[in-house]
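Same order as they appear, the protein sequences are chains B and F.
Taken in order, the first sequence gives residues 1 to 247; the numbers are from the working numbering.
Taken in order, the second sequence gives residues 1 to 64; the numbers are from the working numbering.
Calculated directly from the structure, the hints in this document are not laboratory data.
Note that beta-carbon positions come from the ideal geometry of N, C-alpha and C, so glycine has one too.
Watch out, some of these pointers could steer you wrong.
To be verified - With the C-beta cut set under 8 Å, the calculated list includes, among others, these residues of chain B facing chain F:
1. Trp70
2. Ile71
3. Gly106
4. Asn110
5. Val125
6. Trp129
7. Tyr132
8. Ser201
9. Leu205
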Amino acid sequence: MSAVPNVPPGPPPGPPSGRPPGTPSWSGAPSHSPGASSKSWTVKLRERGVAALPPDKLLPDGQPTYVASWIYVFGVASIASLIVIVGSGCILALKGPAWWHETGVGHFFNSIHLWSVELFFFAMVVHLWGKYWMAAWRGGRARVWITGAITFLVAIPCALTGYVSQQNFDAQWISTQAKDAMNSVGVGAFFNLTNFGQMYSYHILLLPIAVVALVSLHVLLVRRHGVVPPFELQDKLADAPGEKGRA
Amino acid sequence: MSLLLAAVFNLNHPAHTVDWEFIHLSVANVVVIGLMLIVFVLAILLPFPGAARRETARRGGGAS
């Protein structure tokens with residue numbers, strides 16, 4: 001017979017955080033005053049998150065008037081294309097190669113997936129050109145620019161692994177050509193482009209996670225720092241008293 | 001319909017390429033690059049719908 005501790009009847013003792021006994025932890029009320037220091041990592045993370053991105057910055061209900069230009073549209077066009085890519089890719093992953101090659105609906109979703117990728121890169125390149133010529137790294141936005149550039153670089157192998165995962169002659173041709181390229185730079189042992197399983201895993205799991213994570217970080221940084229203003233507005237802000245370094 | 005499309009987009013031949021010094025591009029890629037350049041220029045030049053109205057409203061609201 002195992003020893004059972006003698007537990008007194010009544011509600012369980014309260015947690016050491018000072019919450020009254022019987023108060024559920026999910027009551028919504030903060031367990032400490034905002035100014036008080038807490039060792040809880042969740043509290044620290046929340047406070048850092050809210051300080052970096054207050055709700056009105058995270059989900060703003062307006063943008064500066066200079067954003068009303070077609071050149072600012074291509075970032076969100078890239079994201080819209082990415083959503084279609086991920087959605088159509090999920091359907092293709094569910095149904096498999098035989099379906100996307102041999103059925104009309106499969107052909108349709110295969111084409112949706114391909115053309116949304118084309119649009120994604122089209123919009124992303126125009127977005128990149130626009131941001132390059134307006135020097136979008138100004139005003140402490142270096143990390144915004146860097147995450148965008150890395151997203152572009154990571155999206156390229158994401159697309160390449162898709163082309164070699166088609167399971168057709170086109171994929172065979174591209175994979176053998178790309179295998180030669182990988183061998184020539186000494187990484188062919190790590191990235192075997194003729195290995196469908198490895199390339200498909202990269203294409204539908206590892207690289208999409210990286211792209212979506214980078215895009216999410218990029219958008220959060222844009223929310224934090226704001227959309228880069230035109231040069232002339234930055235000059236005006238720099239000339240205005242008390243506004244130096246804002247733009 | 002498929003016959004018509006096949007007549008317009010006849011792919012039953014080696015890809016046409018543009019060769020200039022070390023540059024070697026398929027015509028399809030050249031077309032896409034050209035379209036991106038056109039869209040880029042148009043995005044700068046074309047007025048955005050409602051931009052003038054918003055700018056007027058902003059100037060009116062901040063004229064104090």
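Results of checking the hints against the structure:
1. Hint status for tryptophan 70/B relative to chain F: holds, with the closest Cβ pair at about 4 Å, below 8 Å.
2. The beta carbon of isoleucine 71/B comes within 5 Å of a beta carbon in chain F, closer than 8 Å, and the hint placing it at the interface holds.
3. Contact between glycine 106/B and chain F, as hinted, is not supported at the beta carbon level, the nearest pair being about 17 Å apart and thus beyond 8 Å.
4. At about 17 Å, the closest approach between the beta carbon of asparagine 110/B and any beta carbon in chain F exceeds 8 Å, and the interface hint on this residue is violated.
5. Interface hint at valine 125/B: satisfied, since its Cβ lies 6 Å from the closest Cβ of chain F, which is below the 8 Å cut-off.
6. Interface hint at tryptophan 129/B: satisfied, since its Cβ lies 5 Å from the closest Cβ of chain F, which is below the 8 Å cut-off.
7. Given the 8 Å rule on beta carbons, the hint for tyrosine 132/B is violated: about 11 Å separates it from the nearest Cβ of chain F.
8. At its closest, the beta carbon of serine 201/B sits 28 Å from a beta carbon of chain F; the interface hint therefore is violated under the 8 Å criterion.
9. Interface hint status for leucine 205/B: violated, as the beta-carbon distance to the closest one in chain F is roughly 28 Å, over 8 Å.
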